[in-house]
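**Q** Letter by letter, the chains look like this.
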Amino acid sequence: MQKITYTLAQIAELTGATLEGNADCTIQGIASLEKAIPGQISFLVNSRYQLVASGRYEKFLPTTKASAVLLSPLHAEDCPVDKLIIDDPYQGYLKLAALFAIKASPKPGIHKTAIIGTDSKIAASVSIGANCVIGNHCEIGEGTVIGPNTIIGDYTTIGMNGDIEANVTLYDQVNIGDRCMIQSGAIIGSEGFGMIRDSEGWKKIPHLGGVLIGHNVEIGANTTIARGAIDDTVLEDGVKLDNLIQVAHGVVIGKNTVIAGCVGIAGSARIGRNCMIGGMTGISDNIVIGDNVIFTGMSQVTKSITKPGIYSSGTSILPQKAWHKNIARLHNLDDIARKLRKLEKETNE
Amino acid sequence: MQKITYTLAQIAELTGATLEGNADCTIQGIASLEKAIPGQISFLVNSRYQLVASGRYEKFLPTTKASAVLLSPLHAEDCPVDKLIIDDPYQGYLKLAALFAIKASPKPGIHKTAIIGTDSKIAASVSIGANCVIGNHCEIGEGTVIGPNTIIGDYTTIGMNGDIEANVTLYDQVNIGDRCMIQSGAIIGSEGFGMIRDSEGWKKIPHLGGVLIGHNVEIGANTTIARGAIDDTVLEDGVKLDNLIQVAHGVVIGKNTVIAGCVGIAGSARIGRNCMIGGMTGISDNIVIGDNVIFTGMSQVTKSITKPGIYSSGTSILPQKAWHKNIARLHNLDDIARKLRKLEKETNE
Amino acid sequence: MQKITYTLAQIAELTGATLEGNADCTIQGIASLEKAIPGQISFLVNSRYQLVASGRYEKFLPTTKASAVLLSPLHAEDCPVDKLIIDDPYQGYLKLAALFAIKASPKPGIHKTAIIGTDSKIAASVSIGANCVIGNHCEIGEGTVIGPNTIIGDYTTIGMNGDIEANVTLYDQVNIGDRCMIQSGAIIGSEGFGMIRDSEGWKKIPHLGGVLIGHNVEIGANTTIARGAIDDTVLEDGVKLDNLIQVAHGVVIGKNTVIAGCVGIAGSARIGRNCMIGGMTGISDNIVIGDNVIFTGMSQVTKSITKPGIYSSGTSILPQKAWHKNIARLHNLDDIARKLRKLEKETNE
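Chains as they are written, first to last, in this note's numbering: chain A, 1 to 349; chain B, 1001 to 1349; chain C, 2001 to 2349.
Treat the hints with care, as some may be off.
[As the list claims (entries may be wrong)] Now the stretches of chain A that chain C is said to cover, found in silico as 3 or more residues with beta-carbon under 8 Å: (1) 10-22; (2) 65-78; (3) 141-153; (4) 187-198; (5) 256-265; (6) 318-326.
[Unchecked claim] Derived SDA-like pairs (lysine to any residue); straight-line CA-CA distance at most 25 Å: (7) K1325(B) with L2318(C); (8) K339(A) with R1197(B); (9) K2307(C) with K1003(B); (10) K3(A) with D24(A); (11) K321(A) with G2109(C); (12) K2204(C) with E142(A); (13) K1112(B) with Y2155(C); (14) K255(A) with K2203(C); (15) K321(A) with I1305(B); (16) K342(A) with Q320(A); (17) K204(A) with K1325(B); (18) K1035(B) with N274(A); (19) K1303(B) with G2309(C); (20) K35(A) with T2113(C); (21) K2255(C) with I2287(C); (22) K1035(B) with D1078(B); (23) K2112(C) with T5(A); (24) K3(A) with Y2155(C); (25) K2203(C) with D178(A); (26) K1121(B) with H2111(C); (27) K35(A) with L99(A); (28) K1321(B) with D178(A); (29) K1204(B) with Y2155(C); (30) K1325(B) with R2338(C); (31) K1303(B) with N1332(B); (32) K3(A) with D2119(C); (33) K2339(C) with N256(A); (34) K65(A) with L14(A); (35) K2112(C) with S2127(C).
[What the hints assert, rightly or not] Some residues of chain A that are not near chain B, with every Cβ distance over 10 Å (derived): (36) I37; (37) D178; (38) N222; (39) D231; (40) M280.
In short, the hints are calculated from the structure, not lab data.
Backbone N, C-alpha and C define an ideal beta-carbon position, used for all residues, glycine too.
Make the full structure from the sequences, and use the hints.
**A** Structure representation (structure tokens):
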């Protein structure tokens, strides 16, 4: 592995933190409080707005083996090693982590094995990887990187500074804004699951809508987004989708909504802005979810929700024997409730 | 985007509808009643047999901005704009949408970058895209299109007029009928999750079965179908699978059964004909589901079902606090039921 | 299809079984007791440790059309055809099935269309398929096979005798042990879903951890494994993952744990050794699951589990009407329980 080295003095300057410790101490990597070894720096960040778990374990602070820790003034006293103190440890952490990020940006240019269709406009600073196949009438904006083996259909556009990774498939008529990240295996714009039954079986309807994706959108690995039957499927600015999510035809997802892995959203559902949808949640077709709604993981959402708030479903686990007993009762719960009502009446009489 | 233009008179003739309105009115696209703008045509279709949501919103008819609407005689009176009246609006809609479908069919021929193994028979009218790698002893029937970067193993066959899209992976011994659509990212014929535990750990068993797929089958994006351990995994004619579905080794899915996104079907389960399986449903291994069974979304199917009908499971959502309270009670439901029984006895005595 | 033929005498010798029947009988294939036809051999294996269903149907033994059956002495009496008797039918079955496995091993060598980066060490016996793109500073051990169209990032290593199949994507800094199988469509090492919210929206944090995979690990088709934000995501030796599983950033999965299809594991969860996790189970972020824990399918795991045992959740299916009634009651279960308590008090007074 490539080594990146800073002194604590350099890190303090680059992150805007105040150093209490050895300015000349050399740091060669970043790790969690629990796993860090001497020569590494760690950090302590806590927040309900934080979707990353690593590092938020305050309990590991007293015993950390890190050479230094970046943290807020609140925790400075409990830190047994050199400290980098900063008022906003989230921002400090972002800057700190960026120092150790080594992801290489490929050079601009179209790989000689890539195949580009006719009438497509590729900006000069675009990088297109090996074995990419790009269709006709496409547009790709400045600074965008397309990973190897990625397929792009006709009439598809990608904005500036996009990160379209390896093995992505974009069908025809997919329009993507600026600064979007699309991870490997994502499939965008395949025909939706819209069919009509006649006497012979199910007949596919043509899917004439496209997919419209705003700016700053992220789409995780192996996530699928179907094109609309008639109207476009839409992801507004700032939407973030994790891995293995299914977004069906005609769905609309509002600005800055984040969706965790393995969620399924059925056809033409509309989801508001600033929502947070827990992993493996299922959302029924054609329902409407308002802004600022939170679903915890594995929620079964079968009706529209207009009121902001946190919603949950599922039974959570029990030891199997207890579960069997209770679920058998659940399957007779209506009967139980009726018997109770009857008993109440009898007792009151 | 490419523009396709028709007059209303042309559309009436091509769909078999009766025009009430301006025969010379020019139509440049199709959209839903809600989103259509002047110059576009819309439609109104309602049916419980319809798996597409767009356009079925009767409530948008009075205020539509479409220049014309295709609909049944029943709704003609409520239509504020030019009308195309047709007895069977489903069929009319299929014909109408087809008029505006622009998906280009690639020309027959094998792309110069595609690699074809030995002893494989590729019919003359087949189109094979860039960077495809096709194994030995394969057969591909007339009119079939294989998208770019698709991989096909040995002894695999595909019938006529198939649509195998980009970035698909077909392993060895996968047999696919005529007129099948397989969307990007689908993986068919990988070894199933069949193992035997010994003292050292889990040992993979060889998977000797293949995958047998009938005619008119559709397989969605990133759906996975494992090969059988011994017998084939089977999808009968007319089966339609949405995106991100897992079909395990040795599963059999009956004719014309449709399965929505994110469903998981465990090893050797057998599913009947004409079933409809809602999204995110889980089906246990080795169980048998009869014909004409419907599962609503997120059903937990742990036992065989022989009787046709609609089955459901799941708790659906509640505000989180109420959910916590009720689920805590559910975890003691057997106890609650016993107490009620005791109380009933005491009261009756 | 290629034909493989043995006499029963040969099979007896190669599997270590005792033949009771016609030594010269010719066998051309293997099939389940239910589906076998004359000329084929079948087998009977039963065990709770067996994750494969085919062939374990004792009820089909009396009517099987197989020419011979491999089975334990316990079942020999009930076998109506030639028998191959063996004390450990699991091991016998593994040997038997291996006789009929025809999967061809590709020859060593790097396909002329493959692209290999600088400073990567590819062992002499490695086979690299067409259109592979391999990054810089990689290492691939002896005997490993890389299927066509697979992408490998920088600083990624793969041990000996690995089976990395077609259309796989390995990002940078993924370290894989010996004898691992990675099926098509798997995506390993994409950035996790770690973000921090500020006034403008969600901001991605850099993901500096890698993915660390032990020996004898299997990863199914279209399964996704995110890299860690800080520490590595870890799969210990002998871990087996089925298809369409999501493993989030920083997750640790212990030795010999097996996970069935469509499971989702959220960020930084830690799962013990020798666990068995049923399909479509969801595991919350940051929780800890001990060794020897079994979750049945669709379990909703929202809290840590330290005690070994079998745990379950979910409601299982009911006819839709009954389900509606019972779930409506579940949504008032706390109220029902309170009323019961009140009634108990009144009755006791």
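**Q** Quick one: which hint numbers does this structure break? Sort them smallest to largest.
**A** 1, 2, 4, 8, 9, 11, 13, 16, 17, 20, 23, 28, 29, 33, 38, 39 and 40
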